[in-house]
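Asker: Given the coordinates of chain A, work out where chain B should sit on it, guided by the hints.
Those protein sequences? They're chains A and B, same order as listed. Its first residue numbered 1, the first sequence is counted upward by one per residue in the UniProt record's numbering. Its first residue numbered 1, the second sequence is counted upward by one per residue in the UniProt record's numbering.
Certain hints may be false.
Since the list gives no way to pick one copy over another, a pair counts as held whenever it fits inside one copy or between any two copies.
DSSO-like mimics (lysine-lysine), calculated; alpha carbons at most 27 Å apart, straight line [stated by the list, open to error]: (1) 145 - 165; (2) 130 - 199; (3) 145 - 130; (4) 101 - 165; (5) 199 - 145; (6) 101 - 48; (7) 130 - 165; (8) 191 - 20; (9) 101 - 20.
If you are wondering where the hints come from, they were derived from the structure by calculation, not from laboratory data.
There are 2 protein chains.
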Amino acid sequence: MNRKRLEQILDVSLTMFREKGFDDTSVMDICNACGITKPTFYKYVNSKEELLRHYYDGALETLIQAMDEHEPSNDYVALIWIGLSMTASRSIDLGPDLLSKYMILNFHEHTVTARYSAGGKQRTVEAIRKAQEAGQIRNLCDPEKLFMALKNLSLGLTLKWIMTKGSFPFFSHYGRMVEDIILPDYDTVLKQTGVDHRKKTG
Amino acid sequence: MNRKRLEQILDVSLTMFREKGFDDTSVMDICNACGITKPTFYKYVNSKEELLRHYYDGALETLIQAMDEHEPSNDYVALIWIGLSMTASRSIDLGPDLLSKYMILNFHEHTVTARYSAGGKQRTVEAIRKAQEAGQIRNLCDPEKLFMALKNLSLGLTLKWIMTKGSFPFFSHYGRMVEDIILPDYDTVLKQTGVDHRKKTG
Chain A
1 MNRKRLEQIL
11 DVSLTMFREK
21 GFDDTSVMDI
31 CNACGITKPT
41 FYKYVNSKEE
51 LLRHYYDGAL
61 ETLIQAMDEH
71 EPSNDYVALI
81 WIGLSMTASR
91 SIDLGPDLLS
101 KYMILNFHEH
111 TVTARYSAGG
121 KQRTVEAIRK
131 AQEAGQIRNL
141 CDPEKLFMAL
151 KNLSLGLTLK
161 WIMTKGSFPF
171 FSHYGRMVED
181 IILPDYDTVL
191 KQTGVDHRKK
201 TG
Chain B
1 MNRKRLEQIL
11 DVSLTMFREK
21 GFDDTSVMDI
31 CNACGITKPT
41 FYKYVNSKEE
51 LLRHYYDGAL
61 ETLIQAMDEH
71 EPSNDYVALI
81 WIGLSMTASR
91 SIDLGPDLLS
101 KYMILNFHEH
111 TVTARYSAGG
121 KQRTVEAIRK
131 AQEAGQIRNL
141 CDPEKLFMAL
151 KNLSLGLTLK
161 WIMTKGSFPF
171 FSHYGRMVED
181 IILPDYDTVL
191 KQTGVDHRKK
201 TG
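Next comes chain A alone, as it looks inside the complex (with noise of 0.2 Å):
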């Protein structure tokens, strides 16, 4: 096994997907395009649905160093989104049809996605948490239940942008409605970070 293919495999796959789609792009295309064969395709991947899942690969690596670098700051609304926004960036990336087809996937193998990682959640429970304290936000409900109903919204939200062919800007959206759910109290948050918010989101 050697990383660099199974990269070179992911990259040109993601590409022929975006530009023929899904359906319309075979294994034979993929190998082609990389210059391998069939069995050479099948010791990285088991099917070309795989390659799905293997976009989310190094997700939770990204988020966790995202927010070590963030947390210093004291700023935890800010915290709390990186938490809730930056798996879901990787899904979004994906486009609304490359989306549907891993839903489809995770239906038919009856997985719930990869955005659920237990390191990210632990994190981000952990920010909400300590928002309550700092009496960042206003809600102060039990933090893993609140979590829960907030990657719950994002993964409603995000159907819903597959549904439309992504006929809105889902992270304006989500982050509404993460606020609306979590009531920052924007101006503890300037006294105690010195970041204004209101100046970012205006």
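Answerer: Relative to chain A, chain B alone:
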């Protein structure tokens, strides 16, 4: 067109879908069980898939009626819950397998599920506004945005329910998440309506 005939087709097909599965039930199977010919079947529905859409027929009327009946109690928290849960119950009633077929249909046709019906939305947004005015809930965000967040949460949780083959009790999970978001003030509800939710939710 004969309404009774359509209802027979819907009832029979739903039963067959549940017993044999959607894929293993053909239009001919449904015709035979109903004692009709294929041309008659296609006078009522355009496809087997379309039957799934029909299962939502009348959902809005049922919802509006239930909300009308409950409105005089001034228990707006309960009214919000009726607005959010009643149409979702049609989906859950389909079961994970049929509901996944319905979702895939919406993916392919780029339609949003029937549950985003304008009439039900308007009434529930109104209930949220009244709950805010009466101090029955603590979340004072824009009622329409709050409604959309709660609806998308429902959709996301439904998706997770499908993906895990209905592994958790949908309504108790959804109900807890809705409470975490709207933040009901049951003491105020009790004072205003005499209804003690704590007894029920114990």
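Asker: Against this structure, judge whether each hint is valid.
Answerer: Hint check results:
1. 145 - 165: between (30 Å within a copy, 21 Å between copies)
2. 130 - 199: Within one copy only: 23 Å inside, 32 Å across.
3. 145 - 130: Both: 15 Å inside a chain and 26 Å across chains, each within 27 Å.
4. 101 - 165: Intra 13 Å, inter 18 Å, cutoff 27 Å: intra and inter.
5. 199 - 145: Classified as between; 22 Å across copies, 30 Å inside a copy.
6. 101 - 48: Both. Shortest intra-copy (11 Å) and inter-copy (21 Å) distances satisfy the 27 Å Cα cut-off.
7. 130 - 165: neither (37 Å within a copy, 34 Å between copies)
8. 191 - 20: Classified as neither: same-chain Cα gap 52 Å, cross-chain 62 Å, threshold 27 Å.
9. 101 - 20: both (14 Å within a copy, 25 Å between copies)
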